[in-house]
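Asker: Each chain is listed here by its residues.
4 protein chains.
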Amino acid sequence: MSPTRTVELEGHIIDSGTMGRCFGVVMDMGGSFEVEEFEIGRHKNAETYCRMKVSADSEPTLQEIVHELHQNGATLSDPADATLEAAPDDAVVPVDFYSTTNHPTYVRYEGEWVDVENVEMDCAIVVETEGSEAPRAHTKVLNAIDEGDLVVTGDTGIRVEPPERPRDGDSAFGFMQGGVSSERPSESLIGEIADAVAETKEEGGNVLAVCGPAVVHSGGADHLAELVREGYVDAISAGNGFAVHDIERDLYGTSLGMDVETMEHPRKGHKHHIYTISEISRQGGIEQAVENGAIQSGVMYECVANNVPYVLAGSIRDDGPLPDTITDSIEAQNAIREQARDADLVIMLATLLHSVAVGNCLPSTTKLVCVDINPSTVTQLMDRGSAQAIGMVSDIGTFLPMLADQLVDEK
Amino acid sequence: MSPTRTVELEGHIIDSGTMGRCFGVVMDMGGSFEVEEFEIGRHKNAETYCRMKVSADSEPTLQEIVHELHQNGATLSDPADATLEAAPDDAVVPVDFYSTTNHPTYVRYEGEWVDVENVEMDCAIVVETEGSEAPRAHTKVLNAIDEGDLVVTGDTGIRVEPPERPRDGDSAFGFMQGGVSSERPSESLIGEIADAVAETKEEGGNVLAVCGPAVVHSGGADHLAELVREGYVDAISAGNGFAVHDIERDLYGTSLGMDVETMEHPRKGHKHHIYTISEISRQGGIEQAVENGAIQSGVMYECVANNVPYVLAGSIRDDGPLPDTITDSIEAQNAIREQARDADLVIMLATLLHSVAVGNCLPSTTKLVCVDINPSTVTQLMDRGSAQAIGMVSDIGTFLPMLADQLVDEK
Amino acid sequence: MSPTRTVELEGHIIDSGTMGRCFGVVMDMGGSFEVEEFEIGRHKNAETYCRMKVSADSEPTLQEIVHELHQNGATLSDPADATLEAAPDDAVVPVDFYSTTNHPTYVRYEGEWVDVENVEMDCAIVVETEGSEAPRAHTKVLNAIDEGDLVVTGDTGIRVEPPERPRDGDSAFGFMQGGVSSERPSESLIGEIADAVAETKEEGGNVLAVCGPAVVHSGGADHLAELVREGYVDAISAGNGFAVHDIERDLYGTSLGMDVETMEHPRKGHKHHIYTISEISRQGGIEQAVENGAIQSGVMYECVANNVPYVLAGSIRDDGPLPDTITDSIEAQNAIREQARDADLVIMLATLLHSVAVGNCLPSTTKLVCVDINPSTVTQLMDRGSAQAIGMVSDIGTFLPMLADQLVDEK
Amino acid sequence: MSPTRTVELEGHIIDSGTMGRCFGVVMDMGGSFEVEEFEIGRHKNAETYCRMKVSADSEPTLQEIVHELHQNGATLSDPADATLEAAPDDAVVPVDFYSTTNHPTYVRYEGEWVDVENVEMDCAIVVETEGSEAPRAHTKVLNAIDEGDLVVTGDTGIRVEPPERPRDGDSAFGFMQGGVSSERPSESLIGEIADAVAETKEEGGNVLAVCGPAVVHSGGADHLAELVREGYVDAISAGNGFAVHDIERDLYGTSLGMDVETMEHPRKGHKHHIYTISEISRQGGIEQAVENGAIQSGVMYECVANNVPYVLAGSIRDDGPLPDTITDSIEAQNAIREQARDADLVIMLATLLHSVAVGNCLPSTTKLVCVDINPSTVTQLMDRGSAQAIGMVSDIGTFLPMLADQLVDEK
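Chains as they are written, first to last, in the UniProt record's numbering: chain A, 1 to 411; chain B, 1 to 411; chain C, 1 to 411; chain D, 1 to 411.
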């Protein structure tokens with residue numbers, strides 16, 4: 001007789017696709033299922049309930065199927081506790097550790113479902129049982145694992161809640177959509193993004209802007225600086241290059257040697273980049289340079305002037321780098337992780353590298369806007385399964401003035 | 001009391017997403033629904049049946065909802081005949097004509113469901129009732145409508161069958177997927193495409209190759225010519241440019257003036273293109289040039305030598321054009337339409353314009369392979385809702401030798 | 001003894017690269033040269049003169065070299081008349097016909113240099129000697145050749161004047177540059193384009209806008225309509241799709257079924273496209289539809305209302321098409337050719353097909369602006385050798401509002 | 001009277017464009033010039049000599065012009081020694097330091113021209129005068145500057161030798177060309193690349209392969225592994241992701257969870273990536289894992305087995321990372337710099353980040369091949385001014401099997 005397990009699904013599982021996906025999982029993985037109870041949500045707002053018996057040829061196959069169903073929002077009718085195993089060494093997880101999704105997750109400990117804190121993809125879950133009144137569970141990236149950490153292994157006792165399709169029809173924010181269309185009216189879309197920023201700020205939320213160097217080359221830096229000054233941006237995540245270009249623009253009026261106003265290339269302009277770095281090194285860093293009056297405008301200036309925190313993460317293509325750049329990638333990731341956890345709305349502006357780094361740390365519940373001129377970049381960034389995301393293929397140099405116009409000038 | 005209508009859904013409606021989509025339609029359009037009967041497919045191969053009562057605030061809204069449900073595979077429990085109206089003039093359809101999808105479609109005439117022939121997107125349906133034993137229905141593009149044609153109008157009496165998700169797990173051919181990934185192993189994917197071609201030929205099917213000029217520039221023409229010679233290609237759909245480049249290659253060894261073997265640019269090479277056109281014009285056309293021995297190799301040569309029909313559709317960017325090019329776009333579309341209807345497998349090779357033209361004429365049931373180096377082109381071509389399609393972002397100049405190698409040399 | 005010929009170069013031949021290119025031609029083609037006289041332009045505005053003796057192994061090689069030097073601006077010291085041969089048949093040129101570049105060209109007839117009218121790439125040159133006081137020379141595309149036309153053959157007696165590098169330093173308009181950078185400040189670049197449009201209009205020049213459907217999808221149509229209304233656009237070159245989208249927007253508020261303001265997709269919206277076509281067919285065409293009051297806004301409306309002529313060129317991917325669409329590609333090319341000849345500034349907006357068609361007909365002296373979100377499209381369009389061209393990789397949906405803002409609102 | 005300076009140009013300065021560029025520099029920067037002597041290279045292999053007097057309105061302008069002429073290969077008739085200034089602090093250069101190009105460079109010290117070692121772009125030049133028989137000059141990146149280093153400042157006493165256009169006509173390796181065409185025959189181009197690799201190895205040269213993760217996803221890893229095993233690759237420069245994917249493929253047969261042979265996605269496959277990292281961490285690193293027999297095939301395996309050194313440079317988007325990954329970007333750059341200096345031929349395979357990092361360290365004299373499916377990536381990588389470079393827009397998953405086929409199987 002084939003091994004069998006009973007699982008339950010509940011919620012708007014039909015139009016969210018959950019039910020179709022779960023049936024698909026069983027079929028694709030060579031199992032079979034029998035629906036035992038099915039209570040359909042007969043009205044628009046009613047939830048659906050489905051209980052089914054899943055069986056497979058072997059216990060391991062069944063376990064894989066059940067695990068996969070878990071990842072899609074099903075729960076076992078008769079759940080067991082999660083299994084825990086101590087990490088054998090620093091940065092080494094137990095062999096069969098559970099690797100997280102970016103959806104809200106719960107682990108069962110002594111019969112209770114414990115909410116996993118700081119949900120993030122591709123992490124281990126560590127359960128802390130001592131010293132606290134109630135047990136706590138949180139994610140840890142592999143390199144942060146300490147010897148002895150109690151790590152969740154296997155598939156049992158874990159529940160994941162993939163986001164549901166919102167009830168209220170159309171919205172510029174797409175639901176779990178990977179694709180991206182450039183055939184959308186740009187002005188209207190920018191209007192929706194401006195609304196999302198304004199709404200987030202009204203609700204006391206936190207807006208994180210992830211910025212690539214093209215923000216400066218394309219002439220958008222002034223407008224981003226304005227958004228920082230006016231309080232629409234709560235944190236900046238960028239690289240050494242972005243900061244250098246932004247400061248070069250203040251010191252010399254150029255970005256990578258081109259005058260941002262006149263588009264002329266002053267001879268020697270290509271040296272402004274490296275001169276900017278050496279100047280800021282001489283000053284001791286960005287903050288000191290602002291304080292000394294050496295930097296007088298731009299995004300970095302407004303960050304310092306308005307206490308907007310920034311992370312400059314290093315990369316192997318950096319010149320310099322500036323003293324403010326975090327050159328160790330693990331340290332930089334940790335700094336980015338803090339920014340990501342605080343953010344309610346993340347706006348990714350013309351950078352793949354930094355956007356992927358931030359995106360890796362985001363739970364699926366954080367709102368996301370991604371703007372890039374390269375459709376492949378937008379597609380790649382939208383593929384991470386955010387519940388609410390807008391992908392826009394546009395020119396950052398025209399996007400930013402129009403966004404600032406909507407937010408600041410037409411206020 | 002709100003107007004109400006009862007609709008039915010049947011088949012693998014859960015994992016094909018049909019049911020979720022239908023529920024979504026009602027909700028998005030402001031209607032409500034009550035499920036009256038629901039018989040779930042309890043096993044992998046069992047079909048599901050769902051009957052629901054849909055209501056809306058007004059009769060027009062309800063009709064729109066019902067229409068939309070129809071488009072997604074629902075049928076009215078108590079169907080009425082389709083309404084027919086005579087076309088008022090040549091190329092002019094009645095105001096409320098039904099515009100087709102590319103899925104199998106049926107219209108109800110005198111109580112019977114009549115299969116719509118030559119299914120194609122964005123057409124009118126014309127019903128012929130006289131002179132034939134049974135009534136017939138078929139699609140007509142707008143410009144082909146004759147005064148007096150009986151055209152289906154409104155939403156009633158029309159049934160559409162969107163394709164179902166195949167039962168058998170993984171396949172390189174994706175199901176109704178718009179997106180495309182370049183992160184797939186190229187050799188394995190080419191192997192699958194070779195298998196699909198071989199299988200189509202074994203089953204007596206018809207393979208249509210749609211070719212852009214890049215096939216020649218990239219050095220792939222020899223390999224495509226081999227596929228034509230060996231009987232793997234039953235028809236070619238291309239433009240004037242493709243044919244000119246292919247023949248230039250035979251006459252001069254160059255394509256757009258570059259030697260395809262040595263990659264040198266013989267001076268005056270850029271004139272080979274226009275010289276080729278004038279030479280073929282002098283010969284009276286491609287067939288005559290082959291017969292006269294003026295063309296001795298290449299794709300066009302193999303087509304003539306092996307009686308593989310081709311359509312060369314004109315475009316406003318053509319030089320010349322060759323006497324064989326159909327310069328009127330309506331005439332060219334009609335020629336392409338014939339090719340598309342005959343095809344069981346269509347392979348789109350590095351051309352957006354011609355692939356869209358062919359794709360416009362294809363029913364959703366024709367297998368599709370699309371290869372282009374530009375991901376946006378592949379995405380756009382995959383977006384047309386083929387039930388079975390492979391999109392591959394690759395270099396046509398390496399794709400074709402590897403495909404020919406798999407089909408011909410490793411046979 | 002090797003055959004030898006003496007050629008002369010004159011002008012700013014050093015910093016325009018002409019001299020380097022000519023020396024390169026001789027070396028690359030296996031010839032050798034001896035400089036006989038060299039009078040360098042010793043000051044910034046002085047011209048340089050160079051006379052050199054070119055020799056090669058054989059007379060045919062020498063002729064090829066000399067021909068190539070001609071194409072690059074060299075002239076024979078002792079020029080002969082051009083050779084003329086009668087076309088043997090309609091649309092058939094003599095075997096050795098001279099195929100044109102897009103640079104200003106002269107042919108020598110009875111000892112006089114005759115200016116070639118309507119310079120266009122890849123054409124034949126026809127000389128008319130009878131019935132006019134002075135002989136005239138003009139280009140003809142191959143399909144326009146009439147039996148008996150006197151066609152220039154061979155290489156002798158032809159002089160080409162490639163454009164010279166402008167003397168006055170930086171300008172947003174690049175000189176003969178194929179490449180394109182997205183790393184330029186968008187607002188400043190749009191400012192330069194606005195200046196070029198305004199300047200062209202002030203000088204009584206003619207601005208031709210070449211428009212793709214994305215102008216409408218992206219929400220830019222209102223702004224283009226404004227530019228037409230305000231007199232900044234003298235002619236529109238587009239396809240059936242552009243016109244249909246623009247009119248759909250007026251009739252239904254949607255483009256390809258998406259509401260351009262709210263970005264909602266009204267159900268049935270995807271039918272608006274085909275309904276629009278059938279409606280305009282019913283009206284008898286765009287002009288009639290405007291006169292009947294059926295169309296009340298948009299680019300096509302403004303064209304009719306302001307007597308701005310338009311060409312809608314057909315293509316094999318058209319739905320419909322509208323009665324106004326020229327479905328024969330040769331006829332359409334001829335209509336485009338007229339537009340191109342009249343234009344002083346051509347602005348290509350998000351279309352490859354129509355831009356290539358227009359670009360094919362332009363002399364190298366017409367100013368060119370090309371805006372597209374796809375860098376490959378911009379690169380391809382800039383590769384045609386315009387003496388003054390701006391290529392901009394941007395979002396047409398943000399470009400057009402900002403351009404209109406600069407030209408109209410900030411006037 | 002305007003300040004004046006005399007400069008000289010020598011070599012194939014006409015057809016290399018050097019002379020045109022130099023005249024352009026003077027004109028663009030508002031100077032004027034008078035040619036005093038001009039000895040043209042009257043034959044193909046003869047060099048040209050030009051001496052000119054350059055003047056400008058002010059001494060600073062003149063100095064800028066002269067500096068720019070220097071950068072383009074001109075030398076002062078009456079050269080002075082370079083000025084040296086001690087670095088005021090670690091990682092801080094004197095204000096007016098000379099920032100290098102990637103061309104061969106010489107500085108004048110006590111009347112002698114000293115060759116600058118390890119030429120690299122955007123560095124300072126440090127002159128060492130003590131403790132060695134002869135003075136030495138070499139480049140230092142900003143962060144490597146030590147307090148007291150004698151750094152070259154200003155423009156005097158510096159000579160740069162931009163590469164000359166090769167004499168011998170066509171070659172697949174382009175000369176100083178930024179652009180890239182996808183309209184080239186792929187098989188022939190791969191043949192040229194194979195020849196360049198074979199030739200480099202025959203001459204005892206060093207081939208560095210820079211690899212992105214797509215090498216593995218696209219199914220190319222086996223073929224690259226073969227090239228390593230057969231001795232065609234002397235060093236690998238990559239990131240954590242590449243190594244993880246390559247090892248995942250060995251451990252599980254998948255890359256990012258997709259089976260590279262069958263293209264199926266085993267459920268749980270998406271966890272293979274993170275499991276691979278934890279497994280190698282457990283083993284203590286790649287070398288240990290190979291020695292323990294845990295890794296048995298793939299690129300990393302062949303590197304260890306054949307003593308081919310590799311650098312895995314960390315990035316903020318890394319999972320893990322592997323213990324072998326250098327997480328500090330400055331350290332990683334230094335490791336990459338060593339690889340770059342040793343290389344005679346660099347092949348960049350489907351990675352922008354790592355290719356830019358390597359490219360930053362290369363002198364303009366190193367041969368370069370760059371293959372990527374994204375034309376923008378290829379363009380960006382070719383823009384760095386290599387004297388001999390091939391850019392190819394292709395699919396790495398078809399490129400690598402065809403390259404291996406040419407090098408190994410057809411040997």
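Do not rely on the hints blindly, as some may be mistaken.
Identical copies look the same in the list; a pair holds intra-copy or inter-copy alike.
Under the rule of at most 27 Å between Cα atoms (straight-line distance), these lysine-lysine pairs were calculated in the DSSO-like manner [stated by the list, open to error]:
id, residue 1, residue 2
1, K268, K201
2, K53, K140
3, K201, K53
4, K271, K201
5, K140, K268
6, K201, K140
7, K271, K53
Derived from the structure by calculation, the hints contain no laboratory data.
Asker: All hints are to be evaluated individually against the structure, with a verdict given for each.
Answerer: Structure-based check of all given hints:
In the homo-oligomer, the alpha carbons of K268 and K201 never lie at most 27 Å apart, since the shortest distance is 43 Å inside one protomer and 37 Å across protomers. Proximity of K53 to K140 under the C-alpha cut-off of 27 Å is found in neither arrangement, the shortest distances being 34 Å within a copy and 50 Å between copies. In the homo-oligomer, the alpha carbons of K201 and K53 never lie at most 27 Å apart, since the shortest distance is 47 Å inside one protomer and 43 Å across protomers. Proximity of K271 to K201 under the C-alpha cut-off of 27 Å is found in neither arrangement, the shortest distances being 40 Å within a copy and 37 Å between copies.
For a Cα distance limit of 27 Å, the shortest separation of K140 from K268 across copies, 20 Å, qualifies, whereas the shortest one inside one copy, 48 Å, does not. Taking the shortest Cα distances, K201 and K140 never come within 27 Å of each other, neither inside one copy (30 Å) nor across copies (47 Å). Proximity of K271 to K53 under the C-alpha cut-off of 27 Å is restricted to the inter-copy arrangement: shortest distance 26 Å between copies versus 69 Å within a copy.
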